[in-house]
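*Asks:* All chains should be built: construct the whole structure from the sequences, respecting the hints.
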Amino acid sequence: MTEPSNRIRFAITPAFLTPVLCLAQFCLAGSFCNGSDEIPGAPQRKPIALINGVIHPISGPPINEGTLIFVDGRISEIGTRMKPPSGSDIIDLKGQHVYPGMIEAHSTLGLTEIGSVRATHDFAETGSLNPNVRANVSVNPDSELIPVTRANGVLIALSAPSGGLISGQASVMQLDGWTYEQMTLKAAAAMVVNWPIMTPASMRGAGPDADQQNQTRNSQLTRIRELFEEARAWRIARKANPTGSAADGQAYDIRLDSMGPVLDRTIPLLVVADRADQIQSAVAFAAEQNVRLVIFGGADAAECAELLKQYDVPVIVEAVHKTPLRRHEDYDAAYTLPSRLRAAGIRFCISGSGRSESWNCRNLPYHAATAVAYGLPYEDAVRAVTIFPAQILGIEDRVGSL
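Sequential numbering of the sequence shown, starting at 20, is according to the numbering used here.
Don't read these hints as lab results, they were simulated from the structure.
There may be inaccurate statements among the hints.
As the list claims (entries may be wrong) - With a cut-off of at most 30 Å between alpha-carbon atoms, the simulated DSSO-like pairs for lysine-lysine come out as follows: (1) K113 - K102; (2) K65 - K113; (3) K102 - K65; (4) K341 - K328.
These numbers come from a predicted model, not from an experiment.
*Replies:* In structure tokens form, the structure reads like this:
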């Protein structure tokens with residue numbers, strides 16, 4: 020005879036298991052939704068003096084046994100045998116080196132997080148002509164990529180939109196702050212333009228033929244030129260009738276108004292172009308429109324040296340750690356590009372993130388180091404990630420040197 024049991028028996032049924040699994044999934048998802056644990060630096064409360072260091076101001080020779088003093092979050096003095104202000108926090112560097120923070124001259128830092136998760140992408144808008152887009156308002160201060168980048172000495176980055184023909188305005192961001200307003204160093208630093216491919220590519224029957232590609236190129240160039248013409252005409256009409264409305268055909272147009280800084284030469288066009296014919300076409304267009312120009316990419320820039328020097332067009336080298344543009348080129352074509360640009364007398368700086376690798380912005384110093392191994396003098400390599408990008412982006416009065 021079987022004795023009755025006092026234990027309570029549970030049957031695991033789908034009706035019981037489903038809510039339990041949903042609750043567990045919700046709790047687990049919440050654990051991954053946290054932003055970066057990095058906390059922006061607190062405001063400086065008293066002077067800080069770095070003593071006995073080798074200070075590299077970049078704008079001048081290194082200072083041995085130097086002293087650098089911070090007051091109210093800014094460098095107030097640099098020199099030797101200086102007496103720190105009363106009440107200063109004194110940090111003895113014991114011969115360590117002090118450099119300005121490095122500057123990443125092109126990235127989508129803060130505009131993207133995980134390449135395979137589309138919901139984390141905020142670097143491209145719908146449509147082909149978006150000059151009104153401004154990158155800084157979309158930067159995510161809680162991005163996990165920011166503290167990782169900052170930890171390797173990269174303290175400033177250009178966050179740039181992409182997509183379409185005119186992607187929008189790139190912004191210079193300092194990689195520390197609670198909000199995008201606190202992080203913004205220069206809201207509008209350049210207008211990003213993806214220059215059309217000028218020479219038809221062989222698609223081996225899998226894409227548009229040469230005639231179709233030529234038609235696409237001509238159409239894209241026409242759209243860019245028409246936008247400039249419309250912006251100029253709109254500005255003239257708006258100046259004559261500031262209170263214009265849709266009724267008289269002079270309503271406010273944010274796209275055309277956003278072209279103003281480019282037409283005034285306040286900010287440059289940042290043209291994405293690698294091939295010589297793209298670079299030549301972009302320079303010709305900038306000269307025709309009387310606007311400033313910066314080339315990003317510039318794989319063939321050394322072959323366009325005379326043209327770039329004639330119009331004083333600087334180049335942001337997309338990356339050093341990449342393969343050659345064409346199969347027949349030397350394996351080290353990208354590695355030697357900075358030294359070749361220097362030898363040709365072209366203003367340049369080095370970027371390390373490529374066009375879709377913002378998670379690798381931290382590698383910027385290694386790109387500069389590889390350029391040194393392939394012919395670029397050490398001093399110029401340091402400048403190529405500090406003062407040179409600051410000059411190209413128009414922020415040299417605030418960052419890039421000590």
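*Asks:* Mind listing which of the numbered hints don't hold for this structure, in increasing order?
*Replies:* none
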